[in-house]
Amino acid sequence: NAGVTQTPKFQVLKTGQSMTLQCAQDMNHEYMSWYRQDPGMGLRLIHYSVGAGITDQGEVPNGYNVSRSTTEDFPLRLLSAAPSQTSVYFCASSYGHGSGEQYFGPGTRLTVT
Amino acid sequence: KNEVEQSPQNLTAQEGEFITINCSYSVGISALHWLQQHPGGGIVSLFMLSSGKKKHGRLIATINIQEKHSSLHITASHPRDSAVYICAVRGVHGGATNKLIFGTGTLLAVQP
Chain A
1 NAGVTQTPKF
11 QVLKTGQSMT
21 LQCAQDMNHE
31 YMSWYRQDPG
41 MGLRLIHYSV
51 GAGITDQGEV
61 PNGYNVSRST
71 TEDFPLRLLS
81 AAPSQTSVYF
91 CASSYGHGSG
101 EQYFGPGTRL
111 TVT
Chain B
1 KNEVEQSPQN
11 LTAQEGEFIT
21 INCSYSVGIS
31 ALHWLQQHPG
41 GGIVSLFMLS
51 SGKKKHGRLI
61 ATINIQEKHS
71 SLHITASHPR
81 DSAVYICAVR
91 GVHGGATNKL
101 IFGTGTLLAV
111 QP
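For the record, the sequence lines run as chains A and B. As numbered in the working numbering, the first sequence has no gaps in its residue numbers, which increase by one up to the final residue, 113. As numbered in the working numbering, the second sequence has no gaps in its residue numbers, which increase by one up to the final residue, 112.
Hints are computed from structural coordinates only; laboratory data are not their basis. Where is the CB? At the ideal position from N, CA and C, for every residue including glycine. Keep in mind that a hint or two might mislead.
Covered stretches of chain A, as calculated for chain B (at least 3 residues, CB under 8 Å) [to be verified]:
(1) 40-49
(2) 101-108
Using 35 Å as the maximum straight-line C-alpha spacing, the simulated DSBU-like pairs for lysine-lysine come out as follows [stated by the list, open to error]:
(3) B/K99 to A/K14
(4) B/K99 to A/K9
(5) B/K54 to A/K9
(6) B/K54 to B/K99
A short list of chain A residues far from chain B (calculated; beta carbon distances all over 12 Å) [what the hints assert, rightly or not]:
(7) V12
(8) L13
(9) K14
(10) Q17
(11) G63
(12) R77
(13) L79
(14) S94
All chains, full assembly: derive it from the sequences and hints.
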């Protein structure tokens, strides 16, 4: 099993550009989520999904869109990148409705100039 | 005040020392997680617990639900234990059951 994979590992964007961060898991987990990690702050939830076709907002959803068309994939879209979105992004998954052990991807380091 | 507080924020130890990292929280929880993040690396789950104590190798995690407090202990510490240790809790009410609340982490450096 590859676990949770994320691409790309690093990305530099200019303000206003859009892009999609990819996340995939091969553990058949129902629950998937996106977090951002900023210096001096705990991980913050952006969006999450409890199954294919179901998504919901987390703590900091503005500027991000998600969709969940399959159990395996949960892409995160930045609609119009802003410098405030410079961060490290982690995708995570778990079995059930998020009640189990969390499995994290390796992270994507995004810089918006 | 953050709902999850960790102490200390930074910790330097000598190889072989016994290490304790503390986590206090202010909300009702259904579970508490301890996570490890190596510099520049991904995040790995160490423990998930809702009561008592769990042990894995040199790592021990305890939780006291009444006092809203958990500790992570590392016995016979080694330089490879150097990492950020993160405490996270999952609430018990409604939609919050799916959402983890994270502490800001404890940066541990173990010197040889």
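Hints versus structure:
1. Counting residues of the segment 40-49 of chain A whose beta carbon lies closer than 8 Å to any beta carbon of chain B gives 7, which reaches the threshold of three, so the coverage claim holds.
2. Proximity of the segment 101-108 of chain A to chain B, defined as three or more residues with a beta carbon under 8 Å from a beta carbon of that chain, is established by the 7 residues found.
3. Restraint check for B/K99 and A/K14: satisfied, since their Cα atoms lie roughly 31 Å apart, inside the 35 Å limit.
4. With a C-alpha separation of about 25 Å, the suggested pairing of B/K99 with A/K9 holds against the 35 Å cut-off.
5. Between B/K54 and A/K9 the CA atoms are separated by roughly 33 Å; this keeps the pair inside 35 Å, and the hint holds.
6. For the given pair, B/K54 sits about 23 Å from B/K99 by alpha-carbon distance, which is consistent with the 35 Å threshold.
7. Every beta carbon of chain B lies more than 12 Å from that of A/V12, the smallest distance being close to 17 Å; the non-interface claim holds.
8. The claim that A/L13 is not at the interface with chain B holds, since no C-beta of that chain comes within 12 Å of its own (minimum 20 Å).
9. Even its closest Cβ contact with chain B, about 24 Å, leaves A/K14 beyond 12 Å, as expected for a residue assigned away from the interface.
10. The claim that A/Q17 is not at the interface with chain B holds, since no C-beta of that chain comes within 12 Å of its own (minimum 25 Å).
11. At the 12 Å boundary, the C-beta of A/G63 stays outside the reach of chain B, the nearest C-beta of that chain being 19 Å off.
12. Remark: the non-interface label on A/R77 is consistent with the geometry, its nearest Cβ contact in chain B lying 21 Å away (cut-off 12 Å).
13. Distance to chain B confirms A/L79 as a non-interface residue, since its nearest Cβ pair spans about 23 Å, more than 12 Å.
14. Annotated as non-interface, A/S94 brings its C-beta within 12 Å of a C-beta of chain B; the closest such distance is 9 Å.
Of the hints listed earlier, the one the structure fails to meet is number 14.
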